[in-house]
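Protein chains in written order, with this note's numbering: chain S, 198 to 403; chain E, 198 to 403; chain D, 198 to 403.
Mixed in with the good hints there might be a few duds.
Copies of the same chain look alike in the list, so a pair counts if it works inside one copy or between any two.
Claimed, not checked - Simulated crosslink set (SDA-like; lysine to any residue; CA at most 25 angstroms straight-line):
(1) Lys375 x Arg356
(2) Lys258 x Asp351
(3) Lys375 x Asp272
(4) Lys239 x Glu292
(5) Lys401 x Thr269
(6) Lys236 x Arg356
(7) Lys258 x Arg337
(8) Lys239 x Gln229
(9) Lys307 x Glu389
(10) Lys262 x Asp338
(11) Lys262 x Leu299
(12) Lys262 x Ala399
(13) Lys262 x Tyr277
(14) Lys239 x Arg345
(15) Lys307 x Lys369
(16) Lys301 x Phe362
(17) Lys236 x Asp334
Read the hints as simulated data drawn from the structure, not as lab findings.
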Amino acid sequence: MRFRVTPHDSSFFDIMAETADCLVRGSALLVQILNADMKDRKELAAKLHEVENEADGFTHKLYQKLNQTFVTPLDRDDLYLLASNMDDCMDYMDEAGDLIVLYKIGELPKRVVAQVNVLQRCAELTAEAAPRLRSMDSLRDYWVEINRLENEADREYRRLLADLFEKEDDPKRIIKLKDIITSLERGVDAFERLANAVETIAVKES
Amino acid sequence: MRFRVTPHDSSFFDIMAETADCLVRGSALLVQILNADMKDRKELAAKLHEVENEADGFTHKLYQKLNQTFVTPLDRDDLYLLASNMDDCMDYMDEAGDLIVLYKIGELPKRVVAQVNVLQRCAELTAEAAPRLRSMDSLRDYWVEINRLENEADREYRRLLADLFEKEDDPKRIIKLKDIITSLERGVDAFERLANAVETIAVKES
Amino acid sequence: MRFRVTPHDSSFFDIMAETADCLVRGSALLVQILNADMKDRKELAAKLHEVENEADGFTHKLYQKLNQTFVTPLDRDDLYLLASNMDDCMDYMDEAGDLIVLYKIGELPKRVVAQVNVLQRCAELTAEAAPRLRSMDSLRDYWVEINRLENEADREYRRLLADLFEKEDDPKRIIKLKDIITSLERGVDAFERLANAVETIAVKES
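Based on the sequences and whatever the hints tell you, model everything.
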């Protein structure tokens, strides 16, 4: 097992902790967007997009550091995988917020609230787990819970999809809602891929 | 060329053969789903999902083995690529079966049957080829035939897409059918990516 | 820094220059498709598809060379990444041209022309930058400009998407146009990923 605790090594994890913090703030903004009216939604989506840019900055910083560092605290590919998965989580949340505004969708089905609550919980769990990436210890609860949440979100998504065609009649609204709930579903999937990547790396490093 | 035939090395290929067997059983269930009525479709899709879970178990087992094995029979990345491509094949077949039930789609256009028959043939060819992955010998016919089938499926898919907008008038049905035939098309594409990965690895190892 | 200028090494870059030339010819055909009538569109899309096949041939050639070469002018993974990103650029342009014909879409919104002009500019910039990949020098302007163009294209895409639901009433036409503009948007995204890959590699090699 490689020697870890040097300021140099640790900063990879500091950057990931910063990105995880963006995920938490982004998911909180997504919750606000659901409960806001059209006018406020636009401002909140703009804020969400700022957070997404901030996260991009951290990802970019991490990639550059990866390319300039000879000895990395985890395998280069593993650090790359963690960063790109975090990037996906952020992108799908940003996309969902963006579509809600762009499509002027108005009120959203109750189940969409459940989807977004799962996203927020995933982001919080990821931020809580981030400091433990350094030692790759005691991460089991994190990935088990994320997988449980993803299964729950998947059931909600499937019910939403079925309801969409049974309860909605306006094709435009069906197309719009389908895009939004699919972005949210992909967001949760991205959190699961991130958790699975963490599990795989933890097993390897143990 | 690395030494291959040790029980230890071989078991990577045993796991892939098990996964390929899941692909064959999954594609057979998909054929049954097309010909079944709504009630039976639900049960068959549940069975298909069980097969998909089984395949996931094998993929997970292979990844863990990859992370715990120092000397692998093929490059680590190549084994990873083969496993993740097999996983995609299964996921798209499962998704298609799932959507057929979820969307209560009723009768499907004839050409969808052709798409699914191609999927089944791809799965069978993959299972037949799996034992030859160990030696990476005489795999040419396999990838040539898969590529031929993918071209055939692609033509069917494009005709289906054109027909969809010419023959169907209900937007809901158009959206639903488009999702289903696209999942099937992606399934065939995944089998092609798998075959292309096998070709690339075979060339490298030769 | 590895020694570069040997005929053997250089030919990787020759193949990429050939592929970049296909991107330029493909994007020019896409521009022609927009301005053509239904009948000519079909012929032009067939030509575009030939160019796509040609590009596939170069990508395949590069992968095979990668697998048969021991010392590569850039990291194996980086050459693979550049080639697969170029392949994506071509595929999305081909898909867009194909859908325009397949969907018998008739006249396209003005903003689609702007999207395709950006694609053509991206292809030209990529071809101009290709010879500089050998030395990885003076590529900054290239990736900065591609990123600027992608942001511009993204704004056009979002306006197109909003207009689609505000100005169009035929659900079929909405679904068709959404597919076409999304393929074009993904094409521009692929050029951005290619430029970002070049940046990452240049930083690493510097």
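Status of the hints after comparison with the structure:
1. Lys375 x Arg356: both (12 angstroms within a copy, 19 angstroms between copies)
2. Lys258 x Asp351: Classified as between: cross-chain Cα gap 23 angstroms, same-chain 33 angstroms, threshold 25 angstroms.
3. Lys375 x Asp272: Classified as neither; 38 angstroms inside a copy, 41 angstroms across copies.
4. Lys239 x Glu292: The answer is within: 13 angstroms in one copy meets 25 angstroms, while 33 angstroms across copies does not.
5. Lys401 x Thr269: both (15 angstroms within a copy, 14 angstroms between copies)
6. Lys236 x Arg356: between (29 angstroms within a copy, 18 angstroms between copies)
7. Lys258 x Arg337: So Lys258 and Arg337 pass the 25 angstroms test across copies only (17 angstroms; inside, 28 angstroms).
8. Lys239 x Gln229: within (11 angstroms within a copy, 37 angstroms between copies)
9. Lys307 x Glu389: within (23 angstroms within a copy, 37 angstroms between copies)
10. Lys262 x Asp338: The answer is between: 22 angstroms across copies meets 25 angstroms, while 30 angstroms in one copy does not.
11. Lys262 x Leu299: So Lys262 and Leu299 fail the 25 angstroms test inside a copy (36 angstroms) and across (46 angstroms) alike.
12. Lys262 x Ala399: both (22 angstroms within a copy, 13 angstroms between copies)
13. Lys262 x Tyr277: Both, since 11 angstroms and 21 angstroms are each at most 25 angstroms.
14. Lys239 x Arg345: between (32 angstroms within a copy, 24 angstroms between copies)
15. Lys307 x Lys369: Answer is both; intra-copy 19 angstroms and inter-copy 21 angstroms each pass.
16. Lys301 x Phe362: Classified as both: same-chain Cα gap 20 angstroms, cross-chain 10 angstroms, threshold 25 angstroms.
17. Lys236 x Asp334: Answer is neither; intra-copy 45 angstroms and inter-copy 47 angstroms both fail.
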